[in-house]
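The sequence shown begins at 1 in this note's numbering and counts up by one.
Be careful, since some hints might not be right.
Said to hold, decoys possible - Cut-off 35 angstroms, straight-line C-alpha distance, at most; resulting in silico cross-link-like pairs (DSBU-like, lysine-lysine):
| id | residue 1 | residue 2 |
| --- | --- | --- |
| 1 | Lys161 | Lys25 |
| 2 | Lys25 | Lys44 |
| 3 | Lys161 | Lys33 |
Calculated directly from the structure, the hints in this document are not laboratory data. Predicted, not measured: the structure shown is a model, and the values here were computed from it.
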Amino acid sequence: LFRSNVLNNTRVGRSETLSLRGALKAALAPNVKWTLRGDYQRGKGDGQAVVSVDAATVTPAAAAGFLSRLGGRTPLVNQTYSYQLAQQTGGSLNDQQGGVASDMTLDLDGYTVRLLSGYREWRNRQYEADAVLTPALLFDRTSRYASSSHSQELQLISPDKLLDGHLRYVFGVYYFRERYSIDSSVNLGRSEEH
C-alpha cells in the first residue's frame with residue numbers, strides 16, 4: 001500500500017516479495033521413508049514505518065512544540081487516517097531467510113526409528129534516514145541481524161498395539177543450536193541516503 005510523502009513528493013510503501021517452497025518424498029527401501037522439504041523467502045523495499053498522528057490528541061501547545069523543535073517543520077497532525085504523510089522516509093529493507101528439513105523413518109517390526117533434521121538461516125538489513133520518523137533529519141540508523149540454527153531429533157516410537165492398544169510411547173533425544181547476531185549503528189547528524 002503506497003502513501004504519498006508531501007515533504008518530498010515521493011511515494012513510500014514499496015515492497016517486493018519472493019517465496020519458494022518444495023518437497024521431495026522417497027522410499028529408499030521397503031522399510032525406509034524419507035521426506036525432504038525446503039523453503040526460501042526474500043523481501044525488499046523501502047521498509048518504511050508510517051506514523052499517523054491522532055489529531056484529537058494534538059493540542060495547540062503540542063503543535064507549537066513540534067514547530068519549535070523541528071525548525072518549523074511538523075508532521076501532519078490534523079489527519080488521523082490519511083494516505084499522506086510528512087516525515088523523512090529515506091530507507092531500505094532487505095530480508096532473506098530459508099531452510100531445509102529432513103524427516104527419515106525406519107520401520108523395525110512395528111517399532112519406528114525417526115530422525116528429524118533441520119537447518120535455517122536468516123539475514124536482515126535495515127536503513128532508516130530518520131529513526132524517529134519526523135520531518136527533520138535527526139539521526140539515521142543501520143541495523144543488521146543474522147541467525148543460523150541447526151536441530152536434530154532422534155525418536156523411538158512404539159508399535160500401535162502394545163498391551164492390546166492400551167500403551168504407546170515415544171522416546172527421544174533432541175539437539176538444537178543457534179547463532180544469532182545483532183548490529184545496530186546510529187549516526188547523530190544529517191543522514192545521507194544509502
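Hints, one by one, checked against the model:
{"no.": "1", "hint": "Lys161 / Lys25", "in the structure": "27 angstroms, holds"}
{"no.": "2", "hint": "Lys25 / Lys44", "in the structure": "32 angstroms, holds"}
{"no.": "3", "hint": "Lys161 / Lys33", "in the structure": "21 angstroms, holds"}
The structure shown violates none of the earlier numbered hints.
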